[in-house]
Structure formats: C-alpha cells, structure tokens
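Asker: Single-letter residue listing:
There are 2 protein chains.
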Amino acid sequence: MTFLALDILKSGVAFSMVCAVLGLLFAFFLIKAVIRLSAGNDRMRQIAGAIEEGAKAYLKRQVVTISAIAAVIFVLLFIFRDKFTAIGFVIGAFCSLAAGYIGMRIAVLANTRTAQAASQSRSAAMRVAFNGGAVTGLLVVGLALLSVGIFYTLAKHWLGHDMAVKSLVGLALGASLISVFARLGGGIYTKAADVGADLVGKIESNLEEDDPRNPATIADNVGDNVGDCAGMAADVFETYAVSLIGAILVGALTLGSYPAAVIYPFVLGGISVLGAVIGILFVNISGGRPGTVLMGAVGASGLVSAILYWPATHLLFPAAVTIGGIARSAGDLYLASLVGLLMTGVVVLITNYYTSTRYAPVRKIAKASETGHATNIIAGLAIGQHATALPVGFIGIAIFLSYHFAGLYGIAIAVMSMLSMAGIIISLDAFGPITDNAGGIAVMSNLPKEIRGITDELDAVGNTMKAVTKGYAIASAGLAALVLFGSYVEELKAHYGANHRTYTFDFSLNDPKVIIGLFIGGLLPFVFTAFSMDAVGKAAGAVVREVRRQLTAKPGILRGEDTPDYGTCVDIVTKAALREMIVPALLPVLFVLAVAIIKPLGPVVLGGLLVGTIVTGLFVAIAMTSSGGAWDNAKKYIEEGNLGGKGSFAHAASVTGDTVGDPYKDTAGPAINPMIKVVNIVAILIIPIFF
Amino acid sequence: MTFLALDILKSGVAFSMVCAVLGLLFAFFLIKAVIRLSAGNDRMRQIAGAIEEGAKAYLKRQVVTISAIAAVIFVLLFIFRDKFTAIGFVIGAFCSLAAGYIGMRIAVLANTRTAQAASQSRSAAMRVAFNGGAVTGLLVVGLALLSVGIFYTLAKHWLGHDMAVKSLVGLALGASLISVFARLGGGIYTKAADVGADLVGKIESNLEEDDPRNPATIADNVGDNVGDCAGMAADVFETYAVSLIGAILVGALTLGSYPAAVIYPFVLGGISVLGAVIGILFVNISGGRPGTVLMGAVGASGLVSAILYWPATHLLFPAAVTIGGIARSAGDLYLASLVGLLMTGVVVLITNYYTSTRYAPVRKIAKASETGHATNIIAGLAIGQHATALPVGFIGIAIFLSYHFAGLYGIAIAVMSMLSMAGIIISLDAFGPITDNAGGIAVMSNLPKEIRGITDELDAVGNTMKAVTKGYAIASAGLAALVLFGSYVEELKAHYGANHRTYTFDFSLNDPKVIIGLFIGGLLPFVFTAFSMDAVGKAAGAVVREVRRQLTAKPGILRGEDTPDYGTCVDIVTKAALREMIVPALLPVLFVLAVAIIKPLGPVVLGGLLVGTIVTGLFVAIAMTSSGGAWDNAKKYIEEGNLGGKGSFAHAASVTGDTVGDPYKDTAGPAINPMIKVVNIVAILIIPIFF
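Sequences listed follow chains W and F, in order. Numbering follows this note's numbering, with no gaps: position 672 of the first sequence is 1454. Numbering follows this note's numbering, with no gaps: position 288 of the second sequence is 1070.
Just chain W, with the same shape it has in the complex:
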C-alpha cells in the first residue's frame, strides 16, 4: 500500500510537471511564431517601440519598489517564521512577477503585429492577438504548477510533509502580496493615464482617443499592458497558486493518510494545461465571429478537462475515502471537480450577459444616457448591483454541491478545477490589451479605415473578454478565500490546541467577537477601494498637469507641428502609480496585524474579519467590475451609431459613465481579489507569532 501510494504520489506530481513543461514549451513556440510575423511599417514599429519602452520602464521600476518591500518581508519571515517559508515567499513573488513580465513583453510585440495582420484579414489579426495572449495564459498555469510542485517536492524531501505544507503558505504569501502590488500599481497606472489623457485630450482639446498629438497617449497604451496584462497575470497566477496550495493544505488535513488527496489537485491542473493547449489550437483552426470562436475555445478546453478528469480521478481514488465521516467514491470527487468547471462556464456566460453590447443591461445604460450624465451613472450603478445576484447565487450553489460531494476538500477541489481553466481564460484576457493597443497603433499610424474597423471590432470583443476574466477571477478568488479560511481555522486549532491546552473557538455568529470581526472585515473592501479610487484621482491629476504644461509650452503640438514628449508622461504616471499604490496595498496587512495585536480582539475577531472581507469583497468587486464593463460597452454601443452615435448628447453622457467605470473596473474592483487572499494568508502566517 505504501509503495503504491508513493508511486501514485511521484507519478502524479511528475505527470503534472510534464504537463506544465509542455505548456511552457508551447508558449515558447507561440512566442517564436508571433515574433516571426511582420511588425508593420516604420511608423508602426516606432509607436510600438515607444509603448514597449514605457512598459519596460514601468515594470523595471515596479520590480525595484516591490523588491524593497519583499526584502523586508523576507527578513521578517526569516526571523519570525522559518527559512523555508521565507524562501517560498521569494519563489512565489518571483514567479508571480515573471508570469506578468514575460506575458507583457510578448503582448507589446503582438500589438503591432496584430495591427499589421489586420491588413490581411480579421481572422489573421484575431489569431495573432489571441496567440500573444495565450503566452500569458500558459505562463500563468505552467509557472504556478512548476513552482508549487517543485517547491513542495523538495521541501517534502527535506522537511517531511507537514513542514512542507506549512512552508507553502510562504509561497502563497509571495504570490499574493506581489499580485496586490502588481494589480494596484498596474491598475492605478492604466487608469491614471487613461483618465488623465481623456480629461485634457478629449474634453479640453477635442482630441480623439489615441490621437498622437496627446502627450499622454503612449502612457495610456502602456497602461493597457501593465494593468490588464501584467496585473491580471500576477493576479490569476496568485489565485491559481493559492488555490493549489489551499487544496494541498485541506487535502493533507482531511485525508492526511491518503497521499492521493495531495496529488489530485496537481493532476487536475496538469490535465487542464492540455485542455488549454487544445483550446488554443481550436482558435487557430476555426473561422467565424471572433466572440464565438473565443467562447468555443473555452468550451473545447473545458470539455477536454471534463473528459480526462474522469479516468484520472478513478486512478487516484480506486477505493472510497472517508471525508467528514462519510465515505466518498471517485465519482463523488469527480462531481466536485465538475462543479468547478461548470462554475467557470456559468460565470463566463453571466458576465458576458451583463457587459456585452448585445444584451439588455448595456443597452439600458445606453438608453439612460439619452437623459444625461446622471441617469447614465444611476443606471450603471444599478446594473452593477444587479450583476452580483447570479454569480453569488451560483457560488452559493457551488459551495453547497461541492461540500455535499466531499466536504471542505470538495470545495477545495472545485476551486482547483475552476482555476485550472486559467490557462485558456487568461489567454482571452490578454487578448484585450493587445487588440486595444493594435487599435491605438492603427490610429496613430493612420492605417486605412478598413484596418481600423477590424481592430475596433476586435477591441470591443476584447472589452467583453476582459470583463469576463474579471468575473472569473473574483468568483474563483471568493471560493479560494473560503478554502483559506478553512485552513486558518485548522491551523489555529492545531497551534492553539498545542500551546494553550484548550481550544474552544467555534466562530459562532452568537459571539459578538465574530460579529465585530465581520464588521471590520466587511469594512476592508470599502475603504480599500475608496483609497484605490483616490489614488487614481491623484495620479490622473499629475498626468493632467503634465499634459497641460506641454500643450502650453509647445502650442505647435496641437497643430501637429511639434511632437509631444511622451516619455515625461510615462515617467510621471510611473512614479505616481508606484507611490499611490503603497497605502491601499498595505491596508489589508495592517488590518490583520491590528486585530491580532490589540489584545481584546484576537483570533476569533480575526476569523470573523476573514469571512467579512470575503462577503463584502465579493459583492463590491463584482458590482464594480460589472458596472465598469457595462459603462464601457454602453459607450461603444452608442459609438457604433446607436441612439445618436458619436458626438450626440447621449454619447457625452456615456463617456462620463465610461470614465467613472475606469477606476471601478480596472483598479479598485479587480484589486479586491488578491487583497482578500493577502488578508487570509497573512492571518494564517501570524497564528504562531501572536496567538
């Protein structure tokens, strides 16, 4: 039995490592394929070069800032925890950054090639953009599987299973903390540049989007990459790694004696890398409407996973296992994994409904724009709140079913299978900034109208894809955080039981401390997003001042006789974003530490805090990202010529909605995902220090 168990263990992890490497090799192949394409004419290369340079400059400085913070945390972990947790932290932080960095590098190469390919056909352009995005998708899942797998295997070899699992929390912290910074920094950057460029460019100087005379236009295009590509990649890398680690923790806790429990999440992840590769191939061989092809790829990818999960589950669990006092068959576990796959599909469809120009919600906002700015805003805010109902309802159903099938482990498996879809989902997401940039390059290079028509169409599809990914990211983050809360309770029980003899915490809603914790935790997403929006406002103000300065100093810019200095705008927004991200990013850590340190609060209030943050965080994040996506596409819908089209009163109102939606959907809302997990992971880590 032990031999067989060990055999499964080794071959299971090995299998997933092979899949991960395969995915990374395929990503490498895609990079080669993209680079081989023509980058267009001189003007296009020049613009793409400026974007690339700006993006690299930002990321370089972000790495420096984050490294300084990471170094402090590394030392703290080294002193207060142990060296393996500290090393895990560095690995997690590094891989999270790397996934975003490499993905973004290829995105800024793919943008001009997409614009160039648009001169051939819509399909060709779509494939270039998608393949560029797919690199990020494959990097996220490949690096996450490899880093967790190798670290776990080595740590297990040196420290034994228990300590290995504990050290993994360090890796999770590294991934999470970096992704909060990446998300916030990137989010503030992209929206400060966007809002700043729009405020002076569109409103004061009557310039079109992406007009090369606007000094902030390159910064705006850089922003798409550092926010939507690098930021989102770090975010989902983090959720993936944390979900995998959470599933390992829960598997070890509930089925400690049965090694397959720890291997199963790896295997699910490995299989879905294959699913993602098939999905990517699907896009490269299919024709038709871009939106349909991309949704088809998600379907194909999910189907492959669903089929292959079946034999894998039966192989790992040949006999029933006991979880929560009930015998669970392989069939039960398989059903739990299906819950995750189905949740992915459901969330994708729901978000698509609320943010696509083809359905009622976006059209309702567009219609409300006819009566002015205020009614556009009210309609958008209401739609965002309505949009929380179905995802949260389905999350409730998913929790119920997966728990029904296999207890807390079932929830962990459902989360892992949901996250395993990240390979294909992130491919869709990174498609967004590439097409957005391609459109920008097409406008700035004065490419023919047909080409700009194609890039515009792809951009609208990209908008919906970005919104869809955000829905997926927050729903999976909510579920992952619940698994982490379960780990917090188990860790606390183990630690407290060992050190204080009695452990009587039941986290009951009858306990006022739990209620106080729920309130404090519930507060966090509200103040966190408020600070994030303030940060965008401040950084955007810096951009506005710089653009105004340039336009005043060189009046020739607006007449097209003088070139603006794009670099200073990029520089200013880089500095502002990195400066402004610090306060909101540290907020969750400070909240947790404060509750842990202030004596009358303690572990029970902290438990309530974790759940409170998940509950309100989920709603705030979904409402913000949905409103934002819907406002953006309501504007697009009007710009397509509906309700008076561009230049109409309704259009002006829809621009207001879009601008309000910018920090909502691209800064504050999505940054809640990693924030929720930082809170949970920091809480787990400080248990032995404070309690």
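The set of hints was computed from the structure by calculation and includes no laboratory data. Be careful, since some hints might not be right.
For identical chains, the list gives no copy identity; a pair is met inside one copy or between any two copies.
Straight-line distance between alpha carbons at most 27 Å, and here's what the computed DSSO-like set of lysine-lysine pairs gives [unchecked claim]: (1) K1149 to K1357; (2) K1357 to K1146; (3) K984 to K1146; (4) K1149 to K984; (5) K1320 to K1146; (6) K984 to K1428; (7) K1320 to K1149.
Dock chain F against the given chain W, drawing on the hints supplied.
Answerer: Leaving out everything else, chain F in the frame of chain W:
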C-alpha cells in the same frame, strides 16, 4: 420581593406611559402654536394648499395600497400564528402610519409659516420650522412607547408574560413592514418628482429650482414631505418600537425572573421624552447660528437623559443581577446605556463631518467637479465608502463595550438608549423638508431676496440635519438588528429544542451553510437598492413624459402666460411610486421565505442570511446616504459662489452628482434600515411555521 417586583413593574411602565403622554401633550401644544401663526399672503397660502393637498392625496392612496397588503398579512398571521400577534401587527402598522401622517400634516402647515416668519428674523423662521418638526419627533417616541407599553401590559394581563412577549413580534412586524413601504413609496415619490422635475425643468427648459412654470414643481415639494417627513418618521418609529421590543425579548430571555429587566427599556425611553422636551425648549430660547443651536439641543437632550438614567438604573437594579454567568451591578447597566447615548453623539458628529459644506470631504467633491462630471462622481463614490469606516468602527466598539458591561442585554440596552434620542433627532430631520418647502414657497411666491436668503441658509442646515438623521437611523438599525438576530437564535433554540429534541445549531463560520447564508443575506441590500434605483428611474420617466406633454400642449406655460396642471403630475408620480415600491418591498420577505421553504437550506442558512444582510446592509446604507448628502452639499457649496459658482462648468458637474445622489440618499440607502429589520422579524415569526 414579589410584591416589590410587581410594584416596580407597574410603576416603571406607568412612569414611561406618563412621560409618553406628556410628550404627546407637548406635541399638541406645539401644533397649536404653529397653527396660530400667520400663513402669509394669498399666493403663499395657495401654494402651500397645493402642496398640502398633494401630500394628503398621496398618503391617502398609500394607506389604501398598504392596507390591502396589511389585510393579507393580518389573515396569514391569524391563521399561521395567533390572534394576538395579528392584532399586534395591526397596532404596529397603524401607529407607524399615524406618526408619519400626523407629522406630515403639521409639516405642510409649518412650511408656509416658516417662510412668513423669515420676514421677521432668521431665528423666528428657524423656530417655526423646528417646532413643526418637533411634533413628528415627539409623536414617534410617544406613540411607540404608548403602543408597545399598552399592548404589552394588556397582553401580559390576558396571556401571561411569555405569550405577551411573543405577540409583541407581531407589533414589530407591523411597524417594520409599513415602514419599508412608507420609506420606499415616499423615497421613490420624492426622488422621481425631484429627478423628473430637474431633468425636464433645469436641463431641457432652463428653469430654476422651484420655478412655478414647471408642472412638476408642486410634486417635488410634496415629495419632500412624503419622503423625508412621513417616510423617515415611519422608519424611526419602527426602529424605536423594534428596539424596545427587542430589549424586552432579550431582557425576558436573559433575566426572565427579574421584572426590572423588562421595565428598564421603558424607563429609559420615558426619561428621554423629558430630555427631548428640554431640547425643544432649548431651541426656543437660544439664539445664534441655526446649526449650532440644533446641535446644542441634541447635547442638552442627551445630557438630561444621561443624568436621569443614573438614579433610574439604581432604583430598578438595587442589587447586582447575573447575566451570562457574571454579576452585573447597576453601574454596569448604566454604562451600557451611556454607550447608546455616546454612539448617538458620535454618529451625529461623523455624519456632520462627511456631509457638511464646512469640512474637507464635501469640498473635495466640489473641487473634483472642476474637472468634470466623471471626477465629481468618482470623488463622491469614494467619499461615501470612506464614510463607512468610522461609524462601523464605533459600532464595533459599542458592541464590544455594551456586551462587556452586560452581555446581549447590554447591547439591547445600548440600542434602546440610542433610540431613546429619537425624539430630538427626528425633530431635526423633519426640520429639513419644512425649510426645503419654505424655500420653495418663497421662490414661487416671489418673496423678497432677503427672505429667500434666510430660507436658503436654513435649507442647507436642513440638508445636513437630514443626512445626520440618516446616519443615526442606519447605525441604530444595525445594532437593533443584531439584537433581533439574538432573539432569532433564542426563539429557534426554544422552539427547536421543544419539537425536535436535539438542537445543535451553533451558526459557526466553519459551517458552509452559514457561509451560504451570509452570501444570500449579503446579496439582499445590493439587489434591493438596485431595484429601488430602477424604480426611481421608471417613476421619474413617467414624470418627464407628463411634463413634456404639458409643455408641448400649452406652450404658454413657459412664457408664464398659462398655468401648468400641477395635479396631474402629483397624480402620476403618486401612482408610479406606489406601483414601483411593491417589488423591492416584497424582496426581503421572499428571500426569507425561500430560504425557509427550500429544504436543504433551512434554519442555519437563514441565520447566516440575517447576519449577512446586516453586514453588507450597514455598509451600503452608510455609503449611499453619505455620498448623497455630500454630493448635495458640494453643489450647495459651489452655488454659494465657490469654484466659479452657479452656471460654471463645475456647477454643471455638481448638479450631476446631486442627481445621482438623490436616489442614493433618499430612496435606496435609507430604505435599507427597515428592510434589515423586516428580514429579521419575518425570520423570527416563521420559526414555528417552517422549522
């Protein structure tokens, strides 16, 4: 001992009844005093008459609609519960409506008299408006104390203590359900009329606020009364009655053998009626800035209560009592009651900070208006979210302290002492619509500029007072709901224990059912407010169509040659408000019933739902009402001549913020208070039916 106990019981309730009657007599005296004043010239009387007529017409139809719904519930309660609960329901519903109705009747008499008194002096005008509002304040506390006191005494006489306490839940339901309808109906009415009048009047036809040529202007003024006066009165009546009943329930549960526990909340309420009377007299003898005088009245009122609570507490609790296994002295209970008084002060000061034109938040929004509509909105949304931090933090501290002093009973006492301040707080609130209307009448009657200056100044103070009351209402509602959740758990324990032998519910956060409940409950405020905002949008659309129709049919209206038909606008918005309030008002009831009926959910999920609704409801309500108040006063701040003043670009942006804030602060946000309590009370009521 029994004799002494009975003695205390009788004299305690008798004392509070005497105080209540005293308060009502003083209200009667104020009514007489207000009516005696001059109602101004013919034009003023005519306009005030139109407002009065519109308000009466609305309330009449509202009574008919609500009565139909109440009749159905009465029958259901009669069949599924018992006749005393059903009778209690009718009494609660009737008194809730009566407090709002009478208060509103006197408010529509005070408005024109305030405008007339402004021709004498600012102080005179302020006193008339305040005394008119004070009628509502005294009615709310007087009727609540009397209805609960008499019903409890009679029911106890006929049914014994246990059944009397149970039947009180019926009275609470009556008060709550009616107040949801009154809040929503009034809120939709006032904002539909306001937004509708603004959209066509200000934006399309360039009319000033309250221009008599606008056919919707009377409806707008009617709205102030049915929303801010009648709606708020019903809301706080409900919170008061529910808190009193909650304290009785908890007192009976934790200190069943000690009658003073049930009497204490009555006595606190009675004392504070005296405090309110002193506060009202304070306003009538003081001079100075209106804002300062009104805040001084709150201070005087609180001080009187704080002083008189001390001997009363020691008289009722001559020896220590045991709560939660710990002996509590009269000093402990007194401290718990002080927590409630202090919370009132703290919440009033915080809300004042976030919504007054004199502090940073409002000025920040005003400043953000300079860069346009979108930045105004972003700033306002961020301020609303920031504004949640301090109140929720203090609520946490209040829960911690009052629980520390006397367990769950301590929380109930703190809530009751907080609510006991309602007499003076509601006086401030009703001051708002009276001064608002006085301003409207002054404009429509072309009174001299000086008079309009005075009414404008009082109107701005009234704005802040309305916001302050909303902060108070939601904070106290959150605390009251926690007491109700405690009652739910105790009721469930008693019922389930008796019927199913085992009772093992611990409502632990480890139980996925609790998490699912928190999610479902957390969802409720989001969809409830979304539906409420939709309702305003639809009703406002009806107003817009009617105004456009009149202006097209009679072009003379805009030239001032033809009189608009105010009546049809009043009629249309009345019907629309009553129609649109149904869906959101039934939502909380449906949620609770669905969770109770769907088998796999049941009592534990329902418990989670109750807490989830409180947690997110508190944040959503505070954020919405604070944003709304701040937007409104940011506009006022600019209109005072700052940042370019009226007609500037910043002013246009601030009008957008104000319009977005309208449904936020006057419809959706405040309606969350009664909604939270309906959810909790319905849950308590259905325990014996479904579990």
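Asker: State for each hint whether it applies.
Answerer: Verification of the hints:
| no. | hint | in the structure |
| --- | --- | --- |
| 1 | K1149 to K1357 | between (39 Å within a copy, 24 Å between copies) |
| 2 | K1357 to K1146 | between (39 Å within a copy, 23 Å between copies) |
| 3 | K984 to K1146 | both (25 Å within a copy, 23 Å between copies) |
| 4 | K1149 to K984 | both (22 Å within a copy, 20 Å between copies) |
| 5 | K1320 to K1146 | between (32 Å within a copy, 12 Å between copies) |
| 6 | K984 to K1428 | both (13 Å within a copy, 24 Å between copies) |
| 7 | K1320 to K1149 | between (32 Å within a copy, 12 Å between copies) |
Violated hints are absent here; each numbered hint is respected by the structure.
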